[in-house]
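Q: Chain residues, written in single-letter form:
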Amino acid sequence: MFELFIFSYKIKLRYYCYEGMMKRLKIPYTINQKIKNVYKSEETVRYLSLIGVVFFIFVYMTFYNHHFIGVRNLRNLLLNISMLGSIAIGSAIVLIGGEIDLSIGATVSFCGLVLVTFIDRYGALAAILSCLACGIVIGSVNGFLTVKAKIPSFIATLAMMLIIKTITLISFGTITKYDTNATFQSVRSGTLMGIPYIFLLLLIILIGAWYLLKHLILGRHIYAVGGSEDASRLCGIRVERVKFITFVIMGGLASFTSFLIMVNTKAFDSFVGTGLELEAIAAAVVGGATLNGGKGTVVGAILGVVLLETMYTAFNFLGMRSDIQQITKAFILILALLLSSRKLSKA
Amino acid sequence: MRRNYTLKIWLIFIFMVIVFTIIKPVFISPRNLIHLLTQISFKGILALGMTFIIICGEIDLSVGAILCISGIVIVSLQKTGAPLFVPVLAGLGVGVIIGFINGMLVAKKHLPSFIVTLATMTAIRGFALLYTEGYPISCSDSTFISLGKAKFIGIPVYCYIFVIVAIVYHFLLSSTTFGRKTYAVGSNIESAKFSGINVDRVKIELFALMGFTAALSGLLYSARLASIAPTNGQLYEIDVIAMVVIGGVSIHGGSGTILQTIPGILIFASLTNILTLNNVNPFYYYMVKGLVIIIALILQGGIKWKFRDYRFLSLFKSNHVDNVSGGKSSNE
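If you read the protein sequences in the order shown, they are chains B and A.
Heads up, the first sequence is in the working numbering, so the first residue is 1 and it goes up one at a time.
Heads up, the second sequence is in the working numbering, so the first residue is 348 and it goes up one at a time.
Honestly, the hints are just simulated from the structure, not real lab data.
Any given hint might turn out to be false.
[Claimed, not checked] Heads up, simulated SDA-like pairs for lysine to any residue below, C-alpha to C-alpha not over 20 Å straight-line:
id, chain 1, residue 1, chain 2, residue 2
1, A, K496, A, F432
2, A, K496, A, L572
3, B, K329, A, I462
4, A, K455, A, G543
5, B, K266, B, G173
6, A, K456, B, L335
7, B, K329, A, A470
8, A, K456, A, I536
9, A, K528, A, L606
10, B, K329, A, E480
11, B, K329, A, G473
12, A, K456, B, N292
13, B, K150, A, S534
14, A, K455, B, K150
15, B, K150, A, A437
16, A, K456, B, L338
17, A, K456, B, I332
18, A, K456, B, T290
19, B, K329, A, G481
20, A, K371, A, T619
21, B, K150, A, H599
22, A, K528, A, F447
23, B, K150, A, G404
[As the list claims (entries may be wrong)] Chain A residues, not near chain B, derived (Cβ > 10 Å throughout):
id, residue
24, L354
25, T469
26, G473
Only a predicted model underlies this, so the values are computations on that prediction, with no experimental measurement involved.
Here a beta-carbon is modelled for each residue, glycine too, at the ideal position from N, C-alpha and C.
Working from the sequences, and respecting the hints, build out all of it.
A: Right, here's the structure in full:
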């Protein structure tokens, strides 16, 4: 009898202890259970569906015109993905932090023009450094306005976009500037086992941003601040500093994007970045970010870029009229934004 | 600072007028004043409607597009030869319907108003471009054209309409329950809900009012020019937001009056006017608008100068947990 009593007591103890709790609540506790759950997580579903849609578009377009899979088109697509991808990563970081940045198009134009102008006069290294410096300064001004002057980020970056656009137009005019020396020729046409260097630069940025968001404390803080500003303030996170750093990163990535664009197409004019901010936000949102913040990944942003660029290339192949293309791009952007907000409103 | 803000803004405006007259005496000439009053009327009517929306904490980017499409509807329906009130009512109705759609999406679906109005703006511009195929439409009805050119004591009729709208909207905002509800929803939406205010209905009515206002401005615009182009009214949204914000209406919502917006309208219009008179490079207009918005918002909110975060490098520490048991995490 006594053994039975002890045995039942041990069973109850087992039931109420930690492992029992986990099993009762069906929370994955062992490694096997965790691996099973990864494949059901929301992000993985999103990545797989994005890759699926890209695959579907590829299959359909290849039947339409077999040059879609040709080397030239794929290389073009890869270069476009690199150019839009680096700015989509920055946009994703800002969106995760809960803010929005509308001035990146103007920043790209300005930094690119600085780069092209300085290359002829001062050499490549000084040009790159000054381009980066300009981007970081513009990012810090955006951060200052949003964080210190407490201007809502949408209006602050909108106003900054107007100001930077004006500064660009006045300093550099409306002419197109060419880099006649072909300084970056080796970067432009070089490949590493068939992959263009430009795409490798994008991969480096992607790995860096992924590491930042997943493995550095700053990354966790960005997610926290985007998720709930008040809660993270109560946790002791310096919300202002995190948001400021987010904007600075965005500025730096915008100048890096202008560098990539300059390497790719050796020319720059004041209107290069005109629609870029909305495309970057569209890519980040398609990849999982929401406008309220706290959600999203950079890998998702890159997959969103892949999807969007594939669609744009498909539009060109289908021979869509240029103004209808513009309207369609705007509609896709708005559809992505509306769908992402709707998911959040249900939560 | 908030209490005597109206007085301060009016003083700033008077000071600006004096300075501008000293710089360019042409500023006070009747011809320039009529030109100034025209700008004030068209964008001012939009700004008066926008005041409601910003007090409520939302934003409306589709005002220029609604202006354009209502003008297109009015001018196209003129050609059918119907009596004048049919196109006018149709144009105003289109504005109300689009505002209603905006309000439904914002209130019922809880979508951010920035996105919704951006979507509406893009859609309407697309429709306008597809319908007109890029060319302006002109109007041939003589009554309509004479209404556009009518003057009463030398001042065009639309300026009087602007004054009438200002008086009506001021009454609406300050002395009706609709206005009080707008303030309540803008200040604290949760307590408004708990006070029994139907927040959804307030927002829908607000956006419908804005749509009506934009359509009214479109009516006056197309009457004055006797034609409409699909690119009219582009970038009016930024001007209108700047006008409201200069006037001291808080961008986060909950405070502000029409009497604060009117000097904002006047200041912004005079600023643009003096730039035109000085033959300033048109590129500078963007910068002036952006700077004015930023300065107005900084003056509204002030700058927090305390910045005592000096442990910067601690952010770049790794996120991994050091030892498994106990769950000690290496954050600050």
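Q: It remains to establish, for every hint, whether it holds in the given structure.
A: The hints, checked one at a time:
{"no.": "1", "hint": "K496/A <-> F432/A", "verdict": "holds, 18 Å"}
{"no.": "2", "hint": "K496/A <-> L572/A", "verdict": "holds, 9 Å"}
{"no.": "3", "hint": "K329/B <-> I462/A", "verdict": "holds, 15 Å"}
{"no.": "4", "hint": "K455/A <-> G543/A", "verdict": "holds, 17 Å"}
{"no.": "5", "hint": "K266/B <-> G173/B", "verdict": "holds, 18 Å"}
{"no.": "6", "hint": "K456/A <-> L335/B", "verdict": "holds, 14 Å"}
{"no.": "7", "hint": "K329/B <-> A470/A", "verdict": "holds, 12 Å"}
{"no.": "8", "hint": "K456/A <-> I536/A", "verdict": "holds, 16 Å"}
{"no.": "9", "hint": "K528/A <-> L606/A", "verdict": "holds, 18 Å"}
{"no.": "10", "hint": "K329/B <-> E480/A", "verdict": "holds, 19 Å"}
{"no.": "11", "hint": "K329/B <-> G473/A", "verdict": "holds, 12 Å"}
{"no.": "12", "hint": "K456/A <-> N292/B", "verdict": "holds, 15 Å"}
{"no.": "13", "hint": "K150/B <-> S534/A", "verdict": "holds, 17 Å"}
{"no.": "14", "hint": "K455/A <-> K150/B", "verdict": "violated, 29 Å"}
{"no.": "15", "hint": "K150/B <-> A437/A", "verdict": "violated, 42 Å"}
{"no.": "16", "hint": "K456/A <-> L338/B", "verdict": "holds, 10 Å"}
{"no.": "17", "hint": "K456/A <-> I332/B", "verdict": "holds, 19 Å"}
{"no.": "18", "hint": "K456/A <-> T290/B", "verdict": "holds, 15 Å"}
{"no.": "19", "hint": "K329/B <-> G481/A", "verdict": "holds, 19 Å"}
{"no.": "20", "hint": "K371/A <-> T619/A", "verdict": "holds, 14 Å"}
{"no.": "21", "hint": "K150/B <-> H599/A", "verdict": "holds, 10 Å"}
{"no.": "22", "hint": "K528/A <-> F447/A", "verdict": "holds, 18 Å"}
{"no.": "23", "hint": "K150/B <-> G404/A", "verdict": "holds, 15 Å"}
{"no.": "24", "hint": "L354", "verdict": "holds, 24 Å"}
{"no.": "25", "hint": "T469", "verdict": "violated, 4 Å"}
{"no.": "26", "hint": "G473", "verdict": "violated, 4 Å"}
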